[in-house]
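Protein chains in written order, with our numbering: chain A, 1 to 372; chain B, 1 to 372.
Bear in mind the hints are in silico, worked out from the structure with no lab data behind them.
Hints are supplied without guarantee of correctness; some may be wrong.
The list cannot tell twin chains apart, which means a pair is met if one copy fits it or any two copies do.
[To be verified] Keeping only pairs whose Cα atoms sit at most 20 angstroms apart, straight-line, the calculated EDC-like set for lysine to aspartate or glutamate is: (1) Lys123 - Asp134; (2) Lys131 - Glu120; (3) Lys98 - Asp276; (4) Lys342 - Glu71; (5) Lys23 - Glu258; (6) Lys170 - Glu325; (7) Lys22 - Glu61; (8) Lys83 - Glu325; (9) Lys126 - Glu174; (10) Lys23 - Glu297; (11) Lys126 - Glu54; (12) Lys95 - Glu285; (13) Lys219 - Glu91; (14) Lys131 - Glu285; (15) Lys23 - Glu71; (16) Lys137 - Glu35; (17) Lys83 - Asp323; (18) Lys123 - Glu35; (19) Lys156 - Asp138; (20) Lys78 - Asp24; (21) Lys219 - Glu79.
Spelled out, the chains give:
There are 2 protein chains.
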Amino acid sequence: MRAFQACDPVATREKTIFSSMKKDVDAIILMNAVEPNLDSSFFYATGIPSGLFEGCLAIIEPRRTEVLVSELEALSAKEARVKVSVFENGEKRGKLMKKKLSRYRRIGVNSTELTHSNYELLKRMKIPGSKLVDISKDLHSARMIKQPDELSRIRKACSIASRACQAIPKFVREGVTETQAAADLACEMMGLGASGPGFESVVAFGSKSAEPHYSPSVKRRLKPGNFALFDFGAKYQRYVSDLTRTFVCGTASRKKKEMHSTVLEAQRAALDEIADGVMGSVVDEAARRVIDGTKFEGLFIHSTGHGIGISVHDPGSISSVVDMELKEGMVLTVEPGVYIPKYGGVRIEDDILVTKKGCRVLTSCSKELRAL
Amino acid sequence: MRAFQACDPVATREKTIFSSMKKDVDAIILMNAVEPNLDSSFFYATGIPSGLFEGCLAIIEPRRTEVLVSELEALSAKEARVKVSVFENGEKRGKLMKKKLSRYRRIGVNSTELTHSNYELLKRMKIPGSKLVDISKDLHSARMIKQPDELSRIRKACSIASRACQAIPKFVREGVTETQAAADLACEMMGLGASGPGFESVVAFGSKSAEPHYSPSVKRRLKPGNFALFDFGAKYQRYVSDLTRTFVCGTASRKKKEMHSTVLEAQRAALDEIADGVMGSVVDEAARRVIDGTKFEGLFIHSTGHGIGISVHDPGSISSVVDMELKEGMVLTVEPGVYIPKYGGVRIEDDILVTKKGCRVLTSCSKELRAL
């Protein structure tokens, strides 16, 4: 058994996970199915920076983490500070699992990222005296507070996205298509060290900027007077950033300027509220109050923010409908917006780290309404 | 109720899905959790080309498909030929689901892509007289045969990857890092119309080419005599391609040439076997026999191929351990390799469409051992 070391990310993770558990479990099993149905907590718990790990699993004890991996992933697994057991095929995986899991009476499972068929597979193993316990809620609580090695990856992802965002006016101009702008943005981020975009970028010109989850079109070109909204992030060693800026092509109308300054003011109001111990709903309300006090009342149609980390929608939310207290060490987006259907939208989004007295903004791109 | 039209992809999908069902169900529910835990069959059945669709679901009847989506996805959903119902929050989703699902007695679920917590949610709804039935196996059978609209997206993804692959010698040369080469490859594909890479590219120089699931490193630079293995694909309207070529930096040694020609011969042997009605294991055996008849015996350490489509590991496999008969309309990879630990590896991979009498190769990049 490995002695606890403060500098060992896996040991720190074990400690954090088990101190978050409200239910009594001997071990937690995190099991991947086939891409895209992978358990992001597998990568959180093990810290393994690369590799696919389909059909692989991690067994987390309070002071010991072991992964059961296929031969294809053995070398990637050995990069992390975990015990590695290798199986050659599905049948051997089954035997290995049964042997390993028979040590435990109460086994925690992450129901929100475990497929139902893998749950049934665990059930069918009929490990004598064992019981499966859903620990997803407590695991998500643990994941909300980012640890130093996670923070350093997120900071890098934020830095890459910020630098790419600052460069947007260099490669996006009148006439370019949304897909070409998205491609150039991806190149810029990968050139700066990202392993890829953190998620499929939203690049929306003109009226399409009013659709928060819009996908770039090969047909839509930037025209004078258009808004150009970029919502994107970088992926770095599995961790992502999530940044939005809205630009204008040429000169902005008075209405567009008003939309932008309203959203910026709303974001400042939200950022000013954030601190350890504050409820997320209070932060959401601060942003919403600004927008609803203008002629853009009712046009901020989503919540103010969400957790980021290993997933672009990590646990955690800044919302009027979720009771969540902000805590030191959480990393969240703050992203108010105003959307006028068929006209256009503005969103300004940064990633922040909650601190004792306030927050630290991890993205660092200028916020004025820049022209393209 | 919509009349069946041959040209309507959603109607064709309904017909295909229900004719594959060995179990009797009134409807099938496909339910997404939070990214990355999305059901790729949701996108297969609805054909919706863009949008995220977290927390959304599709209800498939034999002649009717409906999606229940959040407000953020409503516009993307309307791009497809499906009925769209919109919910404002989780509570309203629950009510809407209960109302819609209460029409059915036997409800099919895709257990391999449904999270256990969503399965429990469906169970807890206690719809009077209803029963949940796992239909994942039959659904996967349906997905293996690609339909015309799917094939046209796959062909485009294959064409983009092939053109990018042909261009590799233009942007990869001695001294470049693996991550930079991966970035340039992504740029090339996105410039050609891909929405992004189909999966995280494997770019492996020198001895690392012997690790099939290797991730590119920022530290490793291409050196004279190195193998340079590229395993990558393009994503186009959610569908992917998957292509591998192995290059050499400068002049190849005799051993490297032998490895390459052996793998090429193995791939040709596999391609020659493929036709409707042939067992996948026969194709695998054809490739393996070539390699095992040389001094590289035993160094082909994975199966010969897998299905591709909406996912890079779509249902279907060309393997010695899977009993699968190839059928006209399946799209699979054919990718033998030889891996010498700590020395290097060669893999040659193409995507093929199974036809009545043989196969059509969808990727079209030269196969000789090209120099960088």
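Hints versus structure:
When the C-alpha separation of Lys123 and Asp134 is checked against a cutoff of 20 angstroms, the pair qualifies both within a copy, at 13 angstroms, and between copies, at 16 angstroms. Proximity of Lys131 to Glu120 under the C-alpha cut-off of 20 angstroms is found in both arrangements, the shortest distances being 13 angstroms within a copy and 17 angstroms between copies. With identical chains, the CA atoms of Lys98 and Asp276 are never at most 20 angstroms apart, being 43 angstroms at best within one copy and 39 angstroms at best between copies. Taking the shortest alpha-carbon separations for Lys342 and Glu71, only the inter-copy value of 16 angstroms comes in at or below 20 angstroms, while the best intra-copy value is 52 angstroms.
For the homomeric pair Lys23 and Glu258, neither the shortest alpha-carbon distance inside one copy (51 angstroms) nor that between copies (58 angstroms) is at most 20 angstroms. When the C-alpha separation of Lys170 and Glu325 is checked against a cutoff of 20 angstroms, the pair qualifies neither within a copy, at 40 angstroms, nor between copies, at 53 angstroms. In the homo-oligomer, the alpha carbons of Lys22 and Glu61 lie at most 20 angstroms apart inside one protomer (15 angstroms), although the nearest pairing across protomers, at 42 angstroms, exceeds that limit. Neither within a single protomer nor between protomers do Lys83 and Glu325 lie at most 20 angstroms apart by alpha-carbon distance, with minima of 36 angstroms and 39 angstroms respectively.
Taking the shortest alpha-carbon separations for Lys126 and Glu174, neither the intra-copy value of 64 angstroms nor the inter-copy value of 55 angstroms comes in at or below 20 angstroms. Within a single copy, Lys23 and Glu297 get their C-alpha atoms no closer than 44 angstroms, and across copies no closer than 51 angstroms, so neither meets the 20 angstroms cut-off. Neither within a single protomer nor between protomers do Lys126 and Glu54 lie at most 20 angstroms apart by alpha-carbon distance, with minima of 23 angstroms and 33 angstroms respectively. Proximity of Lys95 to Glu285 under the C-alpha cut-off of 20 angstroms is found in neither arrangement, the shortest distances being 53 angstroms within a copy and 27 angstroms between copies.
For the homomeric pair Lys219 and Glu91, neither the shortest alpha-carbon distance inside one copy (50 angstroms) nor that between copies (38 angstroms) is at most 20 angstroms. Taking the closest pair of Cα atoms, Lys131 and Glu285 never come within 20 angstroms of each other, the shortest separation being 42 angstroms inside a single copy and 42 angstroms across copies. Taking the closest pair of Cα atoms, Lys23 and Glu71 never come within 20 angstroms of each other, the shortest separation being 34 angstroms inside a single copy and 36 angstroms across copies. Taking the shortest alpha-carbon separations for Lys137 and Glu35, only the inter-copy value of 17 angstroms comes in at or below 20 angstroms, while the best intra-copy value is 23 angstroms.
Proximity of Lys83 and Asp323 under a CA criterion of 20 angstroms is satisfied in neither setting, with 38 angstroms inside one chain copy and 33 angstroms between copies. Taking identical chains as interchangeable, the C-alpha atoms of Lys123 and Glu35 are never at most 20 angstroms apart, the minima being 22 angstroms within one chain and 25 angstroms between chains. Taking the shortest Cα distances, Lys156 and Asp138 never come within 20 angstroms of each other, neither inside one copy (27 angstroms) nor across copies (44 angstroms). Within a single copy, Lys78 and Asp24 get their C-alpha atoms no closer than 30 angstroms, and across copies no closer than 46 angstroms, so neither meets the 20 angstroms cut-off.
In this assembly of identical chains, the alpha carbons of Lys219 and Glu79 lie at most 20 angstroms apart only when taken from different copies (15 angstroms versus 44 angstroms within one copy).
In summary, the numbered hints that this structure violates are 3, 5, 6, 8, 9, 10, 11, 12, 13, 14, 15, 17, 18, 19, 20.
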